[in-house]
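Chemist: Top to bottom, those sequences are chains A and B. The first sequence runs 0 to 104 under numbering that gives the first Met the number 0. The second sequence runs 0 to 728 under numbering that gives the first Met the number 0.
These aren't lab readings, by the way, just hints derived from the structure by calculation.
Chain A is nowhere near these chain B residues, computed Cβ spacing over 10 Å in every case:
#1 W52
#2 F69
#3 R86
#4 K121
#5 I151
#6 L158
#7 S208
#8 I308
#9 V497
#10 I580
#11 S584
#12 Y616
#13 W625
#14 E627
#15 A660
#16 N683
Just the calculated beta-carbon pair ranges, DEER-fashion:
#17 B:G680 x A:I83: 47 to 53 Å
#18 A:K30 x B:K698: 17 to 23 Å
#19 A:D95 x B:L699: 17 to 23 Å
#20 B:G693 x A:L4: 52 to 58 Å
#21 A:S98 x B:S672: 49 to 55 Å
#22 B:G717 x A:K92: 36 to 42 Å
All C-beta atoms in this analysis are idealised placements derived from N, C-alpha and C, irrespective of residue type, glycine included.
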Amino acid sequence: MEHLLPIGLNHYLTISAFLLGFGLFAVMTRKNAIVILMGVELILNAANINFLAFSKYNGGMGGVMFSLFVIVIAAAEAAIALAIVINIFKIFKSVDVSSVDTMKE
Amino acid sequence: MHSLIQLSIVVLLLPLLSFVILIFFNRRLPRRGDFVGVGILGTAFALSAYIFWSVIVQTYDPAFRVAWDFTWIDLGKVPGIGPLQIRMGIVIDNLTAIMLAMVTLISLLVHLYSTGYMAGDKNYGRYFAFLGIFTFSMLGIVLSDNLFSIYIFWELVGLSSYLLIGFFFEKESAADAQKKAFLANRVGDIGMWLGILILYSQFHTFSFSEIYANLAAGKFAMSNAWLTAAGLLLFMGCVGKSAQFPLHVWLPDAMEGPTPVSALIHAATMVAAGVYFVARIFVLLTPDALHVIAFIGAFTAFMAATIAITQNDIKRVLAYSTVSQLGYMVLGLGVGAYSAALFHLVTHAFFKACLFLGSGAIIHAMHHEQDMRWMGGLRKHMPWTFATFTLATLALAGLPLTSGFMSKDAILAGAIGFANAEGGGIYYLIPVLGFFSAMLTAFYMGRQIWLVFFGESRTHLKPADDHHSAHHAHGAEDGHHTAHEVHEVSWNMRAPLVILAALSVFFVYSPNPLDGAQGWFMKMIKTPETVVAKYKVESIEHSALSTQHSALQTEHSAHSPADPRQAEIAHEAHLAHFPAIYISSIMVVLGISLAGIVFVFKIIDPDKTAEAIRPLYLFSLNKWYWDEIYEATFIRGSVLLSKILSWFDTNIIDGIVNGVALVVKNVAFANNSFDKYVVDGLVNFTAFSVNTTGAVLRKLQTGKVQTYIVMLLAVVFGYFVFYFTRLIY
Chain A
0 MEHLLPIGLN HYLTISAFLL GFGLFAVMTR KNAIVILMGV ELILNAANIN FLAFSKYNGG
60 MGGVMFSLFV IVIAAAEAAI ALAIVINIFK IFKSVDVSSV DTMKE
Chain B
0 MHSLIQLSIV VLLLPLLSFV ILIFFNRRLP RRGDFVGVGI LGTAFALSAY IFWSVIVQTY
60 DPAFRVAWDF TWIDLGKVPG IGPLQIRMGI VIDNLTAIML AMVTLISLLV HLYSTGYMAG
120 DKNYGRYFAF LGIFTFSMLG IVLSDNLFSI YIFWELVGLS SYLLIGFFFE KESAADAQKK
180 AFLANRVGDI GMWLGILILY SQFHTFSFSE IYANLAAGKF AMSNAWLTAA GLLLFMGCVG
240 KSAQFPLHVW LPDAMEGPTP VSALIHAATM VAAGVYFVAR IFVLLTPDAL HVIAFIGAFT
300 AFMAATIAIT QNDIKRVLAY STVSQLGYMV LGLGVGAYSA ALFHLVTHAF FKACLFLGSG
360 AIIHAMHHEQ DMRWMGGLRK HMPWTFATFT LATLALAGLP LTSGFMSKDA ILAGAIGFAN
420 AEGGGIYYLI PVLGFFSAML TAFYMGRQIW LVFFGESRTH LKPADDHHSA HHAHGAEDGH
480 HTAHEVHEVS WNMRAPLVIL AALSVFFVYS PNPLDGAQGW FMKMIKTPET VVAKYKVESI
540 EHSALSTQHS ALQTEHSAHS PADPRQAEIA HEAHLAHFPA IYISSIMVVL GISLAGIVFV
600 FKIIDPDKTA EAIRPLYLFS LNKWYWDEIY EATFIRGSVL LSKILSWFDT NIIDGIVNGV
660 ALVVKNVAFA NNSFDKYVVD GLVNFTAFSV NTTGAVLRKL QTGKVQTYIV MLLAVVFGYF
720 VFYFTRLIY
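So here's chain A without its partners, still in its complex pose (with noise of 0.2 Å):
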């Protein structure tokens, strides 16, 4: 196992890019809008990641501390976008978001 490198930071920052990537794909191209709501949560993940990774490496509990608000404020926001979600589908009987475009010129 020693031709393994050890775990260091650069692989945190590269599953976080990923993670990141990943996410803003899902936003992008899903047409659910659930969907974009759990792609939104992986990039939000993806830079709870970098705080951790960061923090760890720093030294300092900064990271950490911001990782916990981070959270929460995620479970807010999921439950705040989970209710505009119902009122759009109340609205357009649909949660597909290509049909939401009332905002068009």
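Chain B: place on chain A using the hints.
Modeler: Relative to chain A, chain B alone:
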């Protein structure tokens, strides 16, 4: 203010009051208000008679003169002229007093006469209104003390004459005649106004007395020729108004007016205004101007007399005789026989008014037949008219014991005296023409009396169609032409005839039937002394001549003027008194005998004579072809000139206007194109580009959240790329 001035203002304004009442209210008054006109004129005449009485009879002073004036318009200081004030005023002297009484008397008689003559006319009330304004303007001329107000009243007289000549305006001939009269008068009036302006430019006043005072003081700065010109230009007013050659053509045509109007205006008063005006300006006329005036008067007298011989219309004969007599008056003024000319003015006014009113009575009785060829034998039917008409005819012909004899003789004596004083030669033409005209006058008046009153009635000889057309033409003023017997006219037409005939007898004017100079008139009207100062220097040789006669002068003419030339003429005229009486009496007798030979005894057949001297006969019958000459020269000339001007207008002026319009149009077209394509193009291009940009950008606005996220990412990415690129390099 003198009490006579106050009275004369009342006299002046009364006829104006008559005009105002009648022109506005004649339809609401009983009898169309004719009694208003007659009553007002009666009052005016009574007041004038009082003025006449107190001036002529009570004062009896040849130098009597009262004047009063006031500033009418004050224009202040006019640039280029200086202080400009127009004053109005009244002057009363012996001449004014006589003229006042004469004008109001004849106007009153004509008013009275017209109540009979014009009865039944549809414009009866308006007729009296016009008579009122005419009398007002005539009195204004008589009373004026300055050239400006005399010019105003002069034009008013022209206007009222125009209105009355065209009173039967449905007749085309009457409408033509009124236009002709007005235009002929205008020609004269323009000259008169220029003359007034010459005098005003020198003295800055219109007042007669101030102008004469300045002239006598030698303040006329321009040459003597200008003074002669001013005098002749002022005389042009008289040529127009008093129908002198060459503007005499309007007066015979003016006979289209109602006959009483012919009596009042075109025989007695208005035409006398010209002579009166020349008398007023007499003292400023230079000897040169007086010579021209004398020749014009003599020529007019002779020419009109030759025309009157052959005319057949009863009024036309009288019209030409009026022109002829006015020629006598102008001749008299021209030769310096001032008082004789004015004397003739007054006597002529009465007997000519009588003749015209008499001819009106005849025309009225003959149911508007005016042609003497179809009259005859009226003596038995109309004894009053016959008697008065004959008396007035004798006065016109100048038979002794009549007023006309005295005044005409005084003028002819003056003419002989003038010719002698001027040294004979061509100047003898003036008395010769005068005497010859006197003979012609006697001849044509004898012819008229015979044709109208004697012999048998020739009404039936008139060609039928002629008869009919004459009746048709006069239908407007004729309400009762079914009765064909001839009757004497009613009292209100007869009374004026009798009064006027009575005023044609010698004793009204002078106790001596052979010498008017012994009468009150010529004692009250004295030749005023000329104020042409320069002439006095020129006439030294005359004064040397006249000293020989100084003893005679003091004996015969105590009041004769101090000017040597005038004194000499007056003296020569006095010497010529008896020769003039003899010659003129012989001439009158010759004329009447000739008329008797031709028309009464028929020793010479008039028709055969006319055939024998046919060119002369036609020359006279066609009035010396003056109308034709004017037609060929002035009228054709005016038409030609107006055609040329019209051509100039349509081709040159309109061409310039159209050219300018074309240029403007083209500029406007270019301007329009610039606006349309450049200015509007810019505006439209801006709008278009904004529109296009909007259309493109609109596509980006999909309304889908995901699109916006993509853009956001793209922008963030782009920013990072840009920023880090900067950092790296």
